[in-house]
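Chains as they are written, first to last, in the numbering used here: chain A, 1 to 335; chain D, 336 to 680.
Hints listed in this document are in silico derivations from the structure and should not be mistaken for laboratory results. Some hints could be false.
Claimed, not checked - With a Cα cut of at most 30 Å, we get these calculated DSSO-like pairs of lysine-lysine:
| # | chain 1 | residue 1 | chain 2 | residue 2 |
| --- | --- | --- | --- | --- |
| 1 | A | 132 | A | 145 |
| 2 | D | 623 | A | 137 |
| 3 | A | 9 | A | 132 |
| 4 | A | 274 | D | 438 |
| 5 | D | 415 | D | 438 |
| 6 | A | 138 | A | 84 |
| 7 | D | 438 | D | 420 |
| 8 | A | 213 | A | 130 |
| 9 | A | 274 | A | 138 |
| 10 | A | 84 | A | 9 |
| 11 | D | 588 | A | 145 |
| 12 | A | 9 | A | 36 |
| 13 | D | 650 | D | 618 |
| 14 | D | 650 | A | 145 |
| 15 | D | 416 | D | 360 |
| 16 | A | 213 | A | 137 |
| 17 | D | 623 | D | 650 |
| 18 | A | 12 | A | 84 |
| 19 | A | 274 | A | 84 |
| 20 | A | 36 | D | 415 |
| 21 | D | 438 | D | 416 |
| 22 | A | 138 | D | 420 |
| 23 | D | 415 | D | 588 |
| 24 | A | 139 | A | 36 |
| 25 | D | 618 | A | 145 |
| 26 | D | 588 | A | 213 |
| 27 | A | 36 | D | 588 |
| 28 | A | 145 | A | 130 |
| 29 | A | 12 | A | 304 |
| 30 | D | 588 | D | 650 |
| 31 | A | 213 | D | 623 |
| 32 | D | 480 | A | 139 |
| 33 | A | 84 | A | 139 |
| 34 | D | 623 | D | 588 |
| 35 | A | 274 | D | 588 |
| 36 | A | 274 | A | 133 |
Claimed, not checked - If the Cβ cut is set under 10 Å, some of the chain D residues that face chain A in the computed set are:
| # | residue |
| --- | --- |
| 37 | 409 |
| 38 | 411 |
| 39 | 619 |
| 40 | 629 |
Built from N, CA and C at the ideal position, the CB exists for glycine as well.
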Amino acid sequence: MTPPLIEVKGLKSYFHTHGGVVPAVDGIDFTLAPEKTLGIVGESGCGKSVTAMTILRLIPSPPGRIEAGEILFRRGSDVVDLAKLNPRGREMRGIRGNEIAMIFQEPMTSLNPVYTIGNQIMESITLHQKIKKRAAKKKAVEMLKAVGIPLPEQRVDEYPHQLSGGMRQRAMIAMALSCNPSLLIADEPTTALDVTIQAQVLELMGDLRREFKTAILFITHDLGVIAGMADEVAVMYLGKIVEIGGVRSIFHDPRHPYTLGLMNSIPSLMSRTKERLVPIKGVVPDPRDAPRGCGFYSRCPEGKTFCEEHPPALTQVDPGHRVACWMDRKKSIAQ
Amino acid sequence: MKTDPVLLEVAQLRKFFPIRRGLLKKTVAHVKAVDGVNLFIREGETLGLVGESGCGKTTVGRTILRLIEPTSGQILFRSKKLVRKNETHRIVDIARASSGTLKALRREMQLIFQDPYSSLNPRMTVEALIGEPMLVYRTAAGREKQDRIRYLLEAVGLNPAYMRRYPHEFSGGQRQRIGIARALALEPQLVVADEPVSALDVSIQAQVMNLLDDLQDRFHLTYLFIAHDLSVVKHISTRVAVMYLGKIFELAKTEALFSNPKHPYTEALMSAVPIPDPDFSAKRITLKGDVPSPVNPPSGCTFHPRCNYAQDVCKNRIPEYREIDEDHFVTCHMAQALRLRPIWF
Chain A
1 MTPPLIEVKG LKSYFHTHGG VVPAVDGIDF TLAPEKTLGI VGESGCGKSV TAMTILRLIP
61 SPPGRIEAGE ILFRRGSDVV DLAKLNPRGR EMRGIRGNEI AMIFQEPMTS LNPVYTIGNQ
121 IMESITLHQK IKKRAAKKKA VEMLKAVGIP LPEQRVDEYP HQLSGGMRQR AMIAMALSCN
181 PSLLIADEPT TALDVTIQAQ VLELMGDLRR EFKTAILFIT HDLGVIAGMA DEVAVMYLGK
241 IVEIGGVRSI FHDPRHPYTL GLMNSIPSLM SRTKERLVPI KGVVPDPRDA PRGCGFYSRC
301 PEGKTFCEEH PPALTQVDPG HRVACWMDRK KSIAQ
Chain D
336 MKTDPVLLEV AQLRKFFPIR RGLLKKTVAH VKAVDGVNLF IREGETLGLV GESGCGKTTV
396 GRTILRLIEP TSGQILFRSK KLVRKNETHR IVDIARASSG TLKALRREMQ LIFQDPYSSL
456 NPRMTVEALI GEPMLVYRTA AGREKQDRIR YLLEAVGLNP AYMRRYPHEF SGGQRQRIGI
516 ARALALEPQL VVADEPVSAL DVSIQAQVMN LLDDLQDRFH LTYLFIAHDL SVVKHISTRV
576 AVMYLGKIFE LAKTEALFSN PKHPYTEALM SAVPIPDPDF SAKRITLKGD VPSPVNPPSG
636 CTFHPRCNYA QDVCKNRIPE YREIDEDHFV TCHMAQALRL RPIWF
């Protein structure tokens, strides 16, 4: 078995605010093998973006703090714990943007409006590689071409506002891949795009993943997008991973009531008849005053008083498929 | 089967926004946001209006309510309030209505907004927010108004005890419910819902969609449901209109649109929706390029540069919006010749 590219162990990333401590990421574990895609799915506030930002050490401190856990990242034969690095130090800066790159949701706000697209791509190339400006520009044009931007020689000198939303996101991808990172973190990369443009960008990401042999941590709230992109899926709720497994077993055999609830909430394009949607009752509780036991208890259709008191741990239910739910464990024991 | 009467009929609706440049603010061009839209909505049904950003769907919704002045066209509304003696209803052209008529008409048509955060005044309590329309139209006051607010809050699934609270004390889904209660305060016939669930998380989105369904049955509402999410539109609509660059490309019953699409854009739009099934492997029809600018749209059929089936005629002649089957309208030269892939077989 290939050693994992990144291994997150017991990671806790909290925010210390005036209103109290927000356990945004509250003890998560996952691994990602090279060239594989792990999808993290969940609703707003579940901690999926904070996970990404914590890995890249982009959370300002204060208020953020890594309370516990390790982020073991493989660089060649070495393994570094990103959680222990100084976020502003030389080593972290050498990794960020170079070995781990990120694509953000909003291409308009994450590109600098006063620099040309080419300048911004060249910045990351010249920063991380010993390369002349002219060669960097050539590389930038190459990258724009690779992401399917027409007339790259011309586009390289244009400013972000001259590009459409889809083109901007392509430019972002070009920038992220320009240093050939081993891990790409994509945080809702297509959420701001229209469906036909989203389809183009997803297709592009699928192709590039193979071409550049990049592992992807793909964060989204859209189950449809994740089904088409990910090898493995982690479902997050209230700062915890409640279910993780291969994409097929998650979609065909969801075990956690929350995963099931999410799937029943989305209207299906494929069903001919109009079935009433089955929403998850209630709302996500305030993380500052998180429940003692299972975080999903207040909304769970199957919850028993036991769940209210005792937090369930992730437990294997099938090979490679783990679920954090007491009810499921009972079922498997009964069998 | 008895067909319900037509509540709203829009004919040749146009809205061009001028682009002004220079010192004298001379009009140099127009954004053709809505360019000749025809549609009708029957009482009690839901017409879904779907399209990508910039296609003009919001402008259509707002022009119908005359929150935006139309450039030309007719918006005929079957009013039950503006009647003379012995009349049960009267057809009024909203596009030409005087401000007095319009004020009276607004009781019968209301709007639900997309963003539940910016559409509620943060300095007003829920009671004041929902009560304001009743105050303006003097439909209820004092005790009666309070009772009505309580009734509306219960109808949208909120605890009436929350009446004295402010919007910031509620979650996004609950705020959207407040907005819906406010829209229903005057017992409207037509509700224009502009992306009412797109700002919400999926689990909350399902709650609000079920609520909209229930309210439609209970109060016999007619919806114009504007959204970009095809699955949501499919779920809620009786009929669906697909818009592109200010024009309706296809309008049909939901069943007909999904099992027998007639416009290449509809086909592409449907195939672009990500399906939550890892084994779903149908080949995507990917469109080339981006949506062109509505300032200077392509010649002929505005879709031709991106269309996989475009012929010479599409570059030169503007296709007409025509009925090719009963209740199935298409704007495409090739509509009859093409065999497009449906989402339902």
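Here is how each hint holds up against the structure:
1. 132/A with 145/A: holds (20 Å)
2. 623/D with 137/A: Judged against 30 Å, a Cα distance of about 27 Å means the pair holds.
3. 9/A with 132/A: This hinted pair is violated, its Cα atoms lying about 40 Å apart.
4. 274/A with 438/D: Roughly 37 Å separates the two Cα atoms, so the pair is violated.
5. 415/D with 438/D: holds (14 Å)
6. 138/A with 84/A: violated (37 Å)
7. 438/D with 420/D: Cα-Cα ~20 Å, so holds.
8. 213/A with 130/A: holds (22 Å)
9. 274/A with 138/A: Roughly 54 Å separates the two Cα atoms, so the pair is violated.
10. 84/A with 9/A: OK: residue 84/A and residue 9/A at ~13 Å, within 30 Å.
11. 588/D with 145/A: violated (42 Å)
12. 9/A with 36/A: holds (18 Å)
13. 650/D with 618/D: holds (27 Å)
14. 650/D with 145/A: The hint holds at about 28 Å.
15. 416/D with 360/D: Violated - the C-alpha atoms of residue 360/D and residue 416/D are around 42 Å apart, more than 30 Å.
16. 213/A with 137/A: holds (23 Å)
17. 623/D with 650/D: Holds, at roughly 16 Å.
18. 12/A with 84/A: Roughly 13 Å between the alpha carbons, so the hint for residue 12/A and residue 84/A holds.
19. 274/A with 84/A: This hinted pair is violated, its Cα atoms lying about 52 Å apart.
20. 36/A with 415/D: violated (61 Å)
21. 438/D with 416/D: The hint holds at about 11 Å.
22. 138/A with 420/D: violated (79 Å)
23. 415/D with 588/D: holds (26 Å)
24. 139/A with 36/A: holds (25 Å)
25. 618/D with 145/A: At roughly 24 Å apart (the allowed maximum being 30 Å), residue 145/A and residue 618/D satisfy the hint.
26. 588/D with 213/A: Since the Cα atoms of residue 588/D and residue 213/A sit roughly 46 Å apart, the hinted pair is violated (cutoff 30 Å).
27. 36/A with 588/D: This hinted pair is violated, its Cα atoms lying about 42 Å apart.
28. 145/A with 130/A: Distance of about 22 Å is within 30 Å: holds.
29. 12/A with 304/A: holds (27 Å)
30. 588/D with 650/D: holds (29 Å)
31. 213/A with 623/D: holds (26 Å)
32. 480/D with 139/A: violated (68 Å)
33. 84/A with 139/A: violated (33 Å)
34. 623/D with 588/D: Between residue 623/D and residue 588/D the Cα gap is close to 28 Å, so the pair holds against 30 Å.
35. 274/A with 588/D: holds (13 Å)
36. 274/A with 133/A: violated (59 Å)
37. 409: violated (30 Å)
38. 411: Violated - the Cβ of residue 411/D stays beyond 10 Å from chain A, reaching only about 29 Å at its closest.
39. 619: holds (6 Å)
40. 629: violated (13 Å)
The structure shown violates the earlier hints numbered 3, 4, 6, 9, 11, 15, 19, 20, 22, 26, 27, 32, 33, 36, 37, 38 and 40.
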